[in-house]
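Every letter in the sequence shown is one number past the one before it in my numbering, and letter 96, counting from 1, is 96.
No lab work stands behind these hints: they were computed from the structure.
As the structure is a prediction and not an experimental result, all values here were calculated from the model.
Don't take each hint at face value.
Computed beta-carbon distance windows for the label pairs [unchecked claim]:
{"hint": "1", "residue 1": "GLY47", "residue 2": "ALA163", "range": "13 to 23 Å"}
{"hint": "2", "residue 1": "HIS120", "residue 2": "ASP168", "range": "36 to 46 Å"}
{"hint": "3", "residue 1": "SER54", "residue 2": "GLU82", "range": "27 to 37 Å"}
{"hint": "4", "residue 1": "ASP156", "residue 2": "GLU82", "range": "10 to 20 Å"}
{"hint": "5", "residue 1": "PRO68", "residue 2": "ALA101", "range": "10 to 20 Å"}
{"hint": "6", "residue 1": "TYR123", "residue 2": "GLY166", "range": "12 to 22 Å"}
{"hint": "7", "residue 1": "ASP105", "residue 2": "ASP168", "range": "32 to 42 Å"}
{"hint": "8", "residue 1": "GLU98", "residue 2": "ASP168", "range": "35 to 45 Å"}
{"hint": "9", "residue 1": "ASP168", "residue 2": "GLY47", "range": "33 to 43 Å"}
{"hint": "10", "residue 1": "ASP46", "residue 2": "ASP86", "range": "33 to 43 Å"}
Every residue gets a Cβ at the ideal spot worked out from N, C-alpha and C, and that includes glycine.
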Amino acid sequence: MAAGWPLFSPTGRRRSRGRLPPYNDAHLSTGDPMSELPAFTLTDGDGRERAFPSGRPSLLAFVKEDCPTCGLSMPLIQAAHEAFGDAVDVLAIGQEAEGNAVLVDRHALTAPMLDDSALHTSYAYDLDTVPTLILTGPDGAEQKRFIGFGREDWQDLFGDLAAIAGVD
1 MAAGWPLFSP TGRRRSRGRL PPYNDAHLST GDPMSELPAF TLTDGDGRER AFPSGRPSLL
61 AFVKEDCPTC GLSMPLIQAA HEAFGDAVDV LAIGQEAEGN AVLVDRHALT APMLDDSALH
121 TSYAYDLDTV PTLILTGPDG AEQKRFIGFG REDWQDLFGD LAAIAGVD
């Protein structure tokens, strides 16, 4: 199981590339199920504004281009969008506009990649580590959250998405 990538160093400075954080599974399977999450509106790569909550279930995937664990997650985020996008808003939320474009190109991403370069949404969600994935209900209430990359977490998430979409 791969650990997530802290967005900031303990001093509050942005982490540089190439430095892996120590493994820490304390952030896995965290979250306060059924809590309301902050609403936001962010712009995707095509300049379209996307609002959350949208009245549909959502999968929010906070990622960063220089995070190796995020790179492992991107194909699964894309697969979730392709398989369940008719029933669930799958939104990738990146912290750097240039890095977002790299992720979209590198992974042939068709899921919306939202620009949170100002980090207002990341701060509102009190994120310390990416990737952070949050499954919500149509009202924006948190259903499930996990941080990092764990096979069982992804399997459970895809099971939940299939149930929401009514797919076996």
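**Prompt:** When you take the CB atoms of TYR123 and GLY166, is the distance between them in 12 to 22 Å?
**Reply:** Check failed, 35 Å falls outside 12 to 22 Å.
**Asked** Falls inside 10 to 20 Å, the C-beta gap from ASP156 to GLU82?
**Response** 19 Å, holds
**Request:** Look at the Cβ atoms of GLY47 and ALA163 and judge whether their distance stays inside 13 to 23 Å.
**Result:** 34 Å, violated
**Asked** At the C-beta level, are ASP105 and ASP168 separated by a distance inside 32 to 42 Å?
**Response** Holds: the Cβ-Cβ distance is about 34 Å, inside 32 to 42 Å.
**Message:** Looking only at beta-carbon atoms, does the pair GLU98, ASP168 fall within the given range of 35 to 45 Å?
**Reply:** Since GLU98 and ASP168 have Cβ atoms about 40 Å apart, the given range 35 to 45 Å holds.
**Message:** I want to verify a distance hint. Is the separation of the beta carbons of PRO68 and ALA101 within 10 to 20 Å?
**Reply:** About 18 Å separates the Cβ atoms of PRO68 and ALA101, which means 10 to 20 Å holds.
**Status of the given 33 to 43 Å range, CB of ASP86 versus CB of ASP46** = 19 Å, violated
**Message:** Can you tell me whether the CB distance of ASP168 to GLY47 sits inside 33 to 43 Å?
**Reply:** The hint (33 to 43 Å, Cβ to Cβ) holds, given that ASP168 and GLY47 are roughly 37 Å apart.
**Message:** Just to be sure I understand the hint, the distance between the Cβ atoms of SER54 and GLU82 should be within 27 to 37 Å; is that true here?
**Reply:** 19 Å Cβ-Cβ, so the 27 to 37 Å window is violated.
**Request:** Mind checking the hinted window 36 to 46 Å against the Cβ distance between HIS120 and ASP168?
**Result:** Check passed, 39 Å falls within 36 to 46 Å.
Checked against the numbered hints given earlier, this structure breaks hints 1, 3, 6, 10; the rest are met.
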